Amino acid sequence: MSIFILAISMYGNWGKFLRVNLSNGEVKVEEYNEELAKKWLGSRGLAIYFLLKEMDPTVDPLSPENKLIITPGPLSGTSAPTGGRYNVITKSPHTGFITMANSGGYFGAELKFAGYDGIIVEGKAEKPVYIYIKDENVEIRDASHLWGKLVSETEEAIRKEIGSKKLRIALIGPAGENLVKFAAVMNDGHRAAGRAGVGAVMGSKNLKAIAVEGSKTVPIADKQKFMLTIREKINKLRNDPVAGGGLPKYGTAVLVNIINENGLYPTRNFQTGVYEHAYEQSGEAMAAKYLIRNQPCYACPIGCGRVNKLPTIGVTEGPEYESTWALGANLGINDLASIIEANHLCDELGLDTISTGGTLATAMELYEKGFIKDEDLGEAPPFRWGNTEVLHYYITKLAKREGFGDKLAEGGYRLAESYGHPEYSMSVKKLELPAYDPRGAEGHGLGYATNNRGGCHIKNYMISPEILGYPYKMDPHDISDDKVKMLIIFQDLSALIDAAGLCLFTTFGLGADDYRDMLNAALGWDFSTEDYLKIGERIWNAERLFNLKAGLDPAKDDTLPKRFLEEPMPEGPNKGYVVRLKEMLPRYYALRGWTEDGKVPPEKAKELGIEEFV
Amino acid sequence: MVKVKVFATLIKLTGRKILEVPAGSVGELLEKLYSTYPGFEEELKRGFMILVNGRNIEHLQGLQTPLREEDIVSIFPPAGGG
Ligand code: SF4
Numbered sequence: 001m002s003i004f005i006l007a008i009s010m011y012g013n014w015g016k017f018l019r020v021n022l023s024n025g026e027v028k029v030e031e032y033n034e035e036l037a038k039k040w041l042g043s044r045g046l047a048i049y050f051l052l053k054e055m056d057p058t059v060d061p062l063s064p065e066n067k068l069i070i071t072p073g074p075l076s077g078t079s080a081p082t083g084g085r086y087n088v089i090t091k092s093p094h095t096g097f098i099t100m101a102n103s104g105g106y107f108g109a110e111l112k113f114a115g116y117d118g119i120i121v122e123g124k125a126e127k128p129v130y131i132y133i134k135d136e137n138v139e140i141r142d143a144s145h146l147w148g149k150l151v152s153e154t155e156e157a158i159r160k161e162i163g164s165k166k167l168r169i170a171l172i173g174p175a176g177e178n179l180v181k182f183a184a185v186m187n188d189g190h191r192a193a194g195r196a197g198v199g200a201v202m203g204s205k206n207l208k209a210i211a212v213e214g215s216k217t218v219p220i221a222d223k224q225k226f227m228l229t230i231r232e233k234i235n236k237l238r239n240d241p242v243a244g245g246g247l248p249k250y251g252t253a254v255l256v257n258i259i260n261e262n263g264l265y266p267t268r269n270f271q272t273g274v275y276e277h278a279y280e281q282s283g284e285a286m287a288a289k290y291l292i293r294n295q296p297c298y299a300c301p302i303g304c305g306r307v308n309k310l311p312t313i314g315v316t317e318g319p320e321y322e323s324t325w326a327l328g329a330n331l332g333i334n335d336l337a338s339i340i341e342a343n344h345l346c347d348e349l350g351l352d353t354i355s356t357g358g359t360l361a362t363a364m365e366l367y368e369k370g371f372i373k374d375e376d377l378g379e380a381p382p383f384r385w386g387n388t389e390v391l392h393y394y395i396t397k398l399a400k401r402e403g404f405g406d407k408l409a410e411g412g413y414r415l416a417e418s419y420g421h422p423e424y425s426m427s428v429k430k431l432e433l434p435a436y437d438p439r440g441a442e443g444h445g446l447g448y449a450t451n452n453r454g455g456c457h458i459k460n461y462m463i464s465p466e467i468l469g470y471p472y473k474m475d476p477h478d479i480s481d482d483k484v485k486m487l488i489i490f491q492d493l494s495a496l497i498d499a500a501g502l503c504l505f506t507t508f509g510l511g512a513d514d515y516r517d518m519l520n521a522a523l524g525w526d527f528s529t530e531d532y533l534k535i536g537e538r539i540w541n542a543e544r545l546f547n548l549k550a551g552l553d554p555a556k557d558d559t560l561p562k563r564f565l566e567e568p569m570p571e572g573p574n575k576g577y578v579v580r581l582k583e584m585l586p587r588y589y590a591l592r593g594w595t596e597d598g599k600v601p602p603e604k605a606k607e608l609g610i611e612e613f614v
Numbered sequence: 001m002v003k004v005k006v007f008a009t010l011i012k013l014t015g016r017k018i019l020e021v022p023a024g025s026v027g028e029l030l031e032k033l034y035s036t037y038p039g040f041e042e043e044l045k046r047g048f049m050i051l052v053n054g055r056n057i058e059h060l061q062g063l064q065t066p067l068r069e070e071d072i073v074s075i076f077p078p079a080g081g082g
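Same order as they appear, the protein sequences are chains L and H.
Under the numbering used here, the first sequence has 529 at position 529, and the numbering climbs by one with no breaks.
Under the numbering used here, the second sequence has 19 at position 19, and the numbering climbs by one with no breaks.
Pulled out of the complex, with its shape left as it was, chain L reads as follows (with noise of 0.2 angstroms):
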């Protein structure tokens, strides 16, 4: 009997990541016990372990002393709903500090059915390469034949070089080989670990792409218990209006008009939250016009994923609300087709759409302003508010580095740093901002300010309470403890569902009990709801104190553009509203348990079993 309980050591994480050094073409299997998953989870998690323990964080993370980790989690490749998500960890070029950027599709899952929690790519190789997975065989190929292809001829090419059906494939666009600051890694065509800069790391190893197939099946504890789990899950998610209604028929871009609506919908750079023609760009006019289809990612029972038809470019996917968002109302463009091929250009470049619509509504308020002046971009089309032409023209340069989109490819902040003006550049820790102006949401606002990897939303979705009503609804303009305190627990359950290989728009129509016990039942554990949550927690800190190695100054870093501070909201529901940040930040760090200048104090690294890396 024992022989046979041996056989197996742990259930939904296989226990194993694959180790590629690109440097000296070493490829490794290295096994982790049960142990250290009861601590991280697996993922989010285990990739900040690895990276603390073997990384220093003040390396350069263009150089190849900077790791890539790529780790789908314990539930990816099971039929755990969603179940199909992996993140890539690493230091970012765009910020300095850590990055977890997140992706669904299919290509996490079938690196699980190969038999792998995830891969630490390490060191750079000599000229491009491409890693092909299948099962235990790992072989390290030339890609010099495919440097400079777009994603979709990249895919093509390596599907008929294996010629196999099965393959999954990850890889950089042109912007990740040429090191655009916020280069995505792409999977599945057109979905995007996007943020922060991942796919300049990737070229920065000359590594294209990692191409997977494998034949196992995930090892699951409990079976039976684990089917009879799932399949309530499943239907909680199909009962709930928005998980199995709203979502699936108008995709996440059905928030374009809640947001404006709402007064938060950032127009022409945040300098309004309401935009005018935010009908013409929402979910239902793409529903009505464009959509043929909508596309889950592996095991979803939702599929927000949006399949679109347009005259000029065909068939493709998406784009999210954040991309209609960051390349329409935040650069006045309100010509859904145009926003349509613009995310279509950023997904075939390898590109994340939030940084590109970013950047362009920096540089577009520049021009506004005077700053950036007509003989500076010579014949190239003028960065004025809704020219469309702005759009094919500066993303293909920036992808390239050619000409004024080399400036383009460092990112909103360093250009407008240039000008001495980084203050029109709406990021936080230099990350471009998503589609939520905090002047309507300040508790996002303050989930922005203090979110691990930068500006970014999905970590800390606020805009659930504050705006949704999920799980309850909160006043936007509350800015009490319980406000600060919600803002924590939306943070650590965010760690954990992405630690957990799950999608976060779970959270409509699932809470952390449910979460507790798909893993229980998986993993044949008997974690309680606070044990898990304590995992997130535990990883939060971990992820702040890789930041604080790295350089992080909260006094300066934990900020929002002076914009939310102190230039009142000038029309609409949230008219003379700013941040109030300075009072919250400080009941932050305190709810937090850190110190009053953001430090991870060794008493509660203690607490979370992390003192090892203060």
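Any given hint could turn out to be false.
Claimed, not checked - Capping the alpha-carbon separation at 25 angstroms, the derived lysine-lysine pairs in DSS-like fashion look like this:
1. 45/H with 485/L
2. 17/H with 289/L
3. 604/L with 39/L
Keep in mind that the hints were calculated from the coordinates and are not lab data.
Given the structure is predicted, the values throughout are model-derived calculations rather than measurements.
Given the structure of chain L, go ahead and fit chain H with the ligand onto it with the hints provided.
Structure of chain H with the ligand alone, referenced to chain L:
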């Protein structure tokens, strides 16, 4: 007359995105919409977001929120994203 903006699945039911309805409170407005447009009530059964001049009625006076001429009411069935 109160200006009412409807969204998502509600547009199909009303046939228009913007309506003008006389009503003294949000509750009264809803009753009128329910009786005029078949299916409207059903669509909001599992929740809704109602804004008066962009402010959620949860932070005003709920269904009792008074309405004046020129007020703009936005009505959404349950929806979210990210
Ligand atoms: S909800 Fe959307 S993004 Fe999340 S897994 Fe499903 S289809 Fe993918």
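Is the Cα-Cα distance between residue 17/H and residue 289/L 25 angstroms or less?
With Cα atoms ~16 angstroms apart, residue 17/H and residue 289/L stay inside 25 angstroms; holds.
Hint check: residue 45/H vs residue 485/L, CA-CA at most 25 angstroms. Holds or violated?
The given pair, whose Cα atoms are some 31 angstroms apart, is violated under the 25 angstroms limit.
Sort out whether residue 39/L lies within 25 angstroms of residue 604/L, counting only the CA atoms.
Cα-Cα ~16 angstroms, so holds.
Hint 1 from the list above is the single one not met by this structure.
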